[in-house]
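K.L.:
Chain residues, written in single-letter form:
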Amino acid sequence: MQFRSMIISNVEVSPGYRRMRMTAPPEFPAARPGQFVMVRVNEAIDPLLRRPFGIFDVGIHTPAQAGATSQPYLEMLYRVVGKGTAMLAALHETDLLDILGPLGNGFEFGSSGEEKMIVGGGIGLAPLYFLAKELVKQSPVRLFVGGKTRDDILCITEFERLGVECYVATEDGSLGDSGLVTEALGKRLAASGNKPRIFACGPNGMLNAVAGIAAKWGIPCQVSLEGYMACGVGACLGCVTPGHRHSNETPDYRCVCADGPVFDAAELKWEA
Amino acid sequence: MKPDLSVTIAGLKLRNPVMTASGTFGYGEEFAEYVDLEAIGAFVTKGLSLKPRAGNPTPRIVETPGGMLNAIGLQNVGIDAFIEKKVPFLRSVATPAIANFFGHTIDEYAELARRLDAIPEVAGLEVNISCPNVKQGGIVFGTDPQCAFDVVSACREATIKPLIVKLSPNVTDIVSMAKSCADAGADALSLINTLTGMAIDLDRRRPVLANITGGLSGPAVKPVALRMVWQVARAVALPIIGIGGIMNARDALEFILAGATAVQVGTASFINPGAAQDIAAGMATWLEENGVDDIKSLIGALEV
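Top line first, the protein sequences correspond to chains A and B. Counting along the first sequence from 1, when you hit position 119 you're at 119 in my numbering, and nothing is skipped either side. Counting along the second sequence from 1, when you hit position 211 you're at 483 in my numbering, and nothing is skipped either side.
Excised from the complex, chain B in its bound form (with noise of 0.2 Å):
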């Protein structure tokens, strides 16, 4: 008998629990050549702003043991080019769409839930709340428990659509951010964003990305985020996407365990493309080996 890799994550129904995480996967369309997008569970947009955003200047990217950091500085179309050039690709895929977005200010955030409501195509909403709150002197919502309380409040008012709020992992205690998620009505997490880190080129005495830091990603987070995820699970009742150096099923099944419901797949589809559908195929065939019926049944079973 073929495993039940089927989970229902904030309302949502996936075929699999395997996503492709914001900003690692362009529109969708990007990789259509790559991967078959219906044998995937679902996929994430580049993170929306109200406005086009130009980014940073290069280099944006360097490669780290294990990793590679990203100082992208959420280059993305805007919502208005996203509704009228990418939402109509999005309509052609029998997958649920996620829009990632962000903004500077509470309002921003609720406007583009709001518009984002709006959108048949967009299947659920997931906030990055990595961003400086301009009027609050730049601190960055997500590693404030009150502040990531008020920005996802106005974003769960402004829509009925599952809303999952994405986690920065740059906190003291991730568990006080995730119950502040909670409490202002997330119907899911995912964790974790990148880490904030740095890369310096000795010879020149300079820092290799043009924006000094950068963010984490690949394999070399892989176990911090696994703590982080395993610690949110026990903590608190909302479903969790596991993300963080996630190459293979075996990665993803370790997340599963850990308490994840779902995970996303993020720089090892910089790496192959198909990655996202090869670990879903992997995670079915390592349950068939292993006499696992529904992967449900894995869902935070960790033996301690």
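Here chain A stands alone, though its shape is the one from the complex (with noise of 0.2 Å):
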């Protein structure tokens, strides 16, 4: 669907980081975990596009002033790095934004009970809190972040509060472990026996290498990709990603956006 937002809140939750709720139409909050938004930043055309964003949460806001009424509303998690999130930061409460989605298929959460291990590189855990939301209802949940320093470690505090067990990875060893954040998921993997599910959103990078420890462990994995889109629904095709059985002859490219976001990591052709 298509609606109008207003800005609830837009703050900065770590250097360059920022987390913004906004207004939702009642429909809204059905959105699966996984799924995401196309966000107009303004309504001029420059820039041009919409900007996709996973959802970080969504909930029922209740307004502090007597009498108001509660309101549906989302929450986006986003990194700074152009000219579209660089305006979007600059906003403010009250101010609107026409928003596209929720769009894309979202996690599928496997059976309750089994073990979850979710695994979030930078601003990559921006549709991780959500699902984790989910999980903890159902499974012991255990969460590997990575980042390149302390400030690329987001909203621990948030997973904490959900019982979520974090494992914080850094590369300069600003922030829990000095390495990569496969690192600590290979070696809790070594150390538990157990078979738990992966879900993982971050650097294409993380992502091979989640794949490739979710083969050699034989455990169902799940990967949130990024991709240059305009359109978000399946039809300008710049977000492909080529799957597993891709070739020039027989083409198996799939939409980053109507395909997924969420792939199963072994459908996806990855770089040897």
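For the record, the hints were derived by calculation from the structure and aren't laboratory data. All figures in this text were calculated on a predicted structure; none of them were measured in a lab. Fair warning: there could be bad hints in the mix.
[Unchecked claim] Derived list of chain A stretches under chain B, where covered just means 3 residues or more per stretch with a C-beta under 8 Å from a C-beta of chain B:
hint: 1; stretch: 37-47
hint: 2; stretch: 228-237
[What the hints assert, rightly or not] From chain A, some residues computed to sit far from chain B (all C-beta separations above 10 Å):
hint: 3; residue: Arg50
hint: 4; residue: Arg150
hint: 5; residue: Leu175
hint: 6; residue: Ala258
The C-beta atom is built at its ideal place from N, Cα and C for all residues, glycine as well.
Dock chain to chain to rebuild the complex, using the hints, since each chain is given by itself in its own frame.
P.N.:
See below:
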């Protein structure tokens, strides 16, 4: 659906990263973890295209004023990387945005009771909080989160509050283990001997490594991808990613927007 | 009185002049949730080839000021899958569906025109001549008047359906291209296709698109498109479908004044999936507010 949304809050959660809460229509809370929205940051033609953002959270906002009605909301966690996100960062409470969504397929939760491992790299954490919120209702959940420095480790407290056990790794060692998050994941898998289900979102290199680890241990793994997209509904074909059977003779391109953004890692073609 | 927005183009009667442009509207179905397909004049499918095509590696698109570059590489399901999987949807919509297609040899073009001619759900054909001719050293059909004449003639012989030729703007003289296509038997001309451009990532010292170059579309190209529509409309007797950066009803009406009988909305559908419908509604409002009873009275009515 397409709707006008009013910004409720837009705050920095770490240098260069912000969390925005905005109003959503009554149907919106039916969104599934892993889905995304396309946001038009202004009405002008520059920037021209919408920007895709994972849904960080959905819920019902109850204003502090007496007698005010509750309002469904959605939240986005975003990194200020370019012109569009810089404009978003400059917006304030009560500013309006044009939003398309929820779009895409969302994560499959798997069976209840089974251990879940969530792996997030930097801003890849964006769709994983909403996921964790749902998963903790049925399973023990562990979060493996990585970044270059401590500034790239976002919203850990929120995950901990859900009862999620968090493992942090930074490349410069400024928070948690020193090294890559995938090393922490590999170590934990080796130590536990369980067959958990993995959910991952982050840079391609990290996803590639996570897919490799999952394949090695023979455990199910879903990855949420990013892509340059214009439309978000499967028409522009800008955001495609090759499926595992892809070749030029037998094309197997999947749209990140309409076929994903969540894919079974085994369904994709990974660079060797 | 409600103004009359209906137009006839290449023998196709459209309830209003707003069509969706090839490559920006999938095969119709993708937008069914956002657009009342029966509130627009016609829709044009993603360009079809004989065999499925993978298209280019990514990145395939990049935003530029007031526009976007795309190098999708004509990814499509191919004619067989189109017939099997996409045509049934066309049957369910009471709006003309126009099939866009392309080839790499004249024989491929003719074969596609023949196969599309046989599909009752396809109301008309739009031939994309902005492709390299592999048998003639890769010259783009649509940039050489003789090549364009030959390919359009071959398509003309292969179909009795309305035949629209989509012109490339990447030429020195758009009018001579338009005349060649008219002489070859085109029923209508649609213009413009995207303008070839590129974007560079300075810090990485690399092109942004994997294909290096791509096609520019969006509001940035509108002045070029208007100029070309105006030039062609004055020189060729065929009806014209104006395309290029149309974002709203006013943009669309400017193309009508310049000489277009209908318009196609492309990039705007990416930003607002309901754009084509909104534009058709906005045109009706403008006509009403300005006391124009019939859109046909505005075609080519530019005062110079």
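K.L.:
Decide, hint by hint, whether the structure agrees.
P.N.:
Evaluated hints:
1. 37-47: n = 4 at 8 Å, threshold three: holds.
2. 228-237: holds (count 9)
3. Arg50: Given a closest Cβ separation of 6 Å, the condition is violated.
4. Arg150: holds (25 Å)
5. Leu175: Since the minimum Cβ distance to chain B is about 28 Å, Leu175/A lies beyond 10 Å and the statement holds.
6. Ala258: violated (7 Å)
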